[in-house]
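A.B. asks: Kindly produce the complete structure, drawing on both the sequences and the hints.
Per numbering that gives the first Met the number 0, the sequence shown starts with residue 0, numbered consecutively.
Rather than coming from a laboratory, the hints here were simulated on the basis of the structure.
All figures in this text were calculated on a predicted structure; none of them were measured in a lab.
Be aware that one or more of the hints could be misleading.
Beta-carbon label-pair distances, calculated as ranges [unchecked claim]:
| # | residue 1 | residue 2 | range |
| --- | --- | --- | --- |
| 1 | 362 | 43 | 20 to 30 Å |
| 2 | 227 | 185 | 40 to 50 Å |
| 3 | 164 | 348 | 18 to 28 Å |
The calculated EDC-like cross-link candidates involving lysine to aspartate or glutamate, where the alpha carbons are at most 16 Å apart (straight line), are [to be verified]:
| # | residue 1 | residue 2 |
| --- | --- | --- |
| 4 | 164 | 357 |
| 5 | 68 | 199 |
| 6 | 164 | 358 |
| 7 | 276 | 64 |
Even for Gly, the Cβ is constructed at its ideal location relative to N, Cα and C.
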Amino acid sequence: MERSQELNVNGDQNLEANLIDHEVTESSSVPQTRNYKKCFRISIYVFFVLTCQALSTILGRLYYENGGKSTWMVTVLQRIGFPVLFLYRFFSRDKQQENTDPSFIKFSSYTTLGLAYICLGLLASAVSYMSSVGLLYLPVSTFSLIFASQLAFTALFSYFLNSQKFTPYIVNSLFLLTVSSALLVFNNESQNIKYVSRVEYVLGFICTISASAGIGLLLSLVQLILTKVLKKPSFSAVMDMAIYQSLVSCCVVLIGLFASGEWKLLTSEMQNYSLGKGSYIMTLSSAAISSQVYTIGALGLIFESSSVFSNTITAVGLPIVPVVAVIVFHDKMDSLKIFSIILAIWGFFSFVYQHYLDEKKLKTCHTNHVEEDTQG
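C.D. replies: Below you can see the structure in the form of structure tokens.
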């Protein structure tokens, strides 16, 4: 969601810079108990991101492992649960108008927003399909490690779209995450996966790295829309963007499911599912719901903190999947994959440390600004 931006105090180049005024004002005028409530909400959102991200990936692989063959079905599962977002928006409507920029209606026409939602939805559909193909041909542990490169792609696209500066820590993170993913090309684990040839393994790798790049582009575009179009968005505005984007992508993937003809095989697939019909339905429904709960968590973190923090927490959850995959699917953990994990974690901490430095710099600048206003 849910994804690595250079924080800049000047202008509206970063959503966090736009929202920090709200945070500073709130902390100075609202009782301390409200800060505790905010920390509690952030904790809940972090829990949603960490658990549901891993759960949706594991359930997708479980579907393939037990007789599922439709990549379009797995793609649909990532998008069709979006009505859950309507429920969450309804129960959170007290936040709808808190931070809406007064110039929002004048600045962004319905046409502009509509085109933005359509573009985001189409890109999200492509990312979902490519990740479904990657999950079909790769072990879960390998898939999640390659997907961790989304941090590097987010930073790269943010450089061009959101004026991010490449600091030494960001460059180090880019290099380590790139090498971490590239090492897995030379892995011979395709022979350990049923009915997966070397060509299919490479195809899975290409689709996964493409999906990771698509996520990076998607997050950078979301950040661009939030800062340049929505300006200072309310929580409801962020939710609306997620809902309409999901609606577009859901329609696209449903068209793909029916156009491919894979929908005709779903009945026989359910009957032949090795865990039984009930487990088949539970697996699909749980995967769909967990994907949307993850989206809620990622959006909540964007609003409560920043898109940078949301992306960071998402990256934290990626190393969880390989560990779970070894336990559930008995994925082989050879020396090459272990080395790849170490590089990925190193790159992640390099990225997080840069985020920490940016946060510290931003808070210091705001503190100085408040002191100058007080003295003046």
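A.B. asks: A separate judgement is required for each hint: does it hold in the structure or not?
C.D. replies: Going through the hints against the structure:
no. : hint                    : result
1   : 362 <-> 43: 20 to 30 Å  : holds, 24 Å
2   : 227 <-> 185: 40 to 50 Å : holds, 41 Å
3   : 164 <-> 348: 18 to 28 Å : holds, 20 Å
4   : 164 <-> 357             : holds, 11 Å
5   : 68 <-> 199              : holds, 14 Å
6   : 164 <-> 358             : holds, 15 Å
7   : 276 <-> 64              : holds, 15 Å
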